[in-house]
Amino acid sequence: KQEVTQIPAALSVPEGENLVLNCSFTDSAIYNLQWFRQDPGKGLTSLLLIQSSQREQTSGRLNASLDKSSGRSTLYIAASQPGDSATYLCAVRRYSGGSYIPTFGRGTSLIVHP
Amino acid sequence: KAGVTQTPRYLIKTRGQQVTLSCSPISGHRSVSWYQQTPGQGLQFLFEYFSETQRNKGNFPGRFSGRQFSNSRSEMNVSTLELGDSALYLCASSPSGTGVTDTQYFGPGTRLTVL
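In order, the protein sequence lines correspond to chains A and B. Per this note's numbering: the first sequence = residues 377 to 490. Per this note's numbering: the second sequence = residues 5 to 119.
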């Protein structure tokens, strides 16, 4: 059974810091890994999607890497801003019944203070 | 393009009752998935529908059921509610769900409280 762990569970940093959020998974037979952001009381917003054959993806100040063999992914946030405050979740997908089913980590709750 | 909408946004029920939640996917999306999010268990996959057929199901009891209509709108039903069913129920849609690059778009969720 796939298990996804995110470390740290919570993080509080001053504005401007560069951050690394970690995601590890136990079964390396994944098709892709996706990072999401969730604001309080709201749904998830997709940030980055990395295919199993890729090593990293970048979008603006965000960079996600994937090391499938070791079961790890990191989300790097450059020059953090208060607007980055949210919970960040990673999800790995397996193939089942014709579609790709995600298993989510518990998330990292990030607070960036001015 | 309108996003994924879920109704109602908030719901309070008592133990033993049943509840129906509704999800309207993004226009043109045919895959709809449902998730339960609780502080204790995190975000867990409930089921996925595609073309009115349940394509995948998570590890939840039979009290949890769903269906999808021909216009891709979906409903989920929980019968004989328990206190532990209190959660944020999220719906997500994607074009087909079969593409490895398919991204899911999430709705704002329905907050269910069982008293």
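It is worth saying that the hints were derived from the structure and are not from the lab. Values in this document were obtained by computation on a predicted structure and should not be read as measured data. The C-beta atom is built at its ideal place from N, Cα and C for all residues, glycine as well. Be aware that a few hints might be false.
Derived pair list, reagent style BS3-like, types lysine-lysine, alpha-carbon separation capped at 27 Å [said to hold, decoys possible]:
#, chain 1, residue 1, chain 2, residue 2
1, A, K377, B, K61
2, A, K418, B, K61
3, B, K61, B, K17
4, B, K17, A, K444
5, B, K17, A, K377
6, A, K377, A, K444
Ranges of calculated distance between the beta carbons of each label pair, as one might list FRET restraints [stated by the list, open to error]:
#, chain 1, residue 1, chain 2, residue 2, range
7, A, E391, B, T84, 47 to 55 Å
8, B, P43, A, G473, 38 to 46 Å
9, B, Q45, A, P490, 27 to 35 Å
10, B, G32, A, Y471, 42 to 50 Å
Task: Indices of hints not satisfied (ascending) - done: 4, 5, 8, 10
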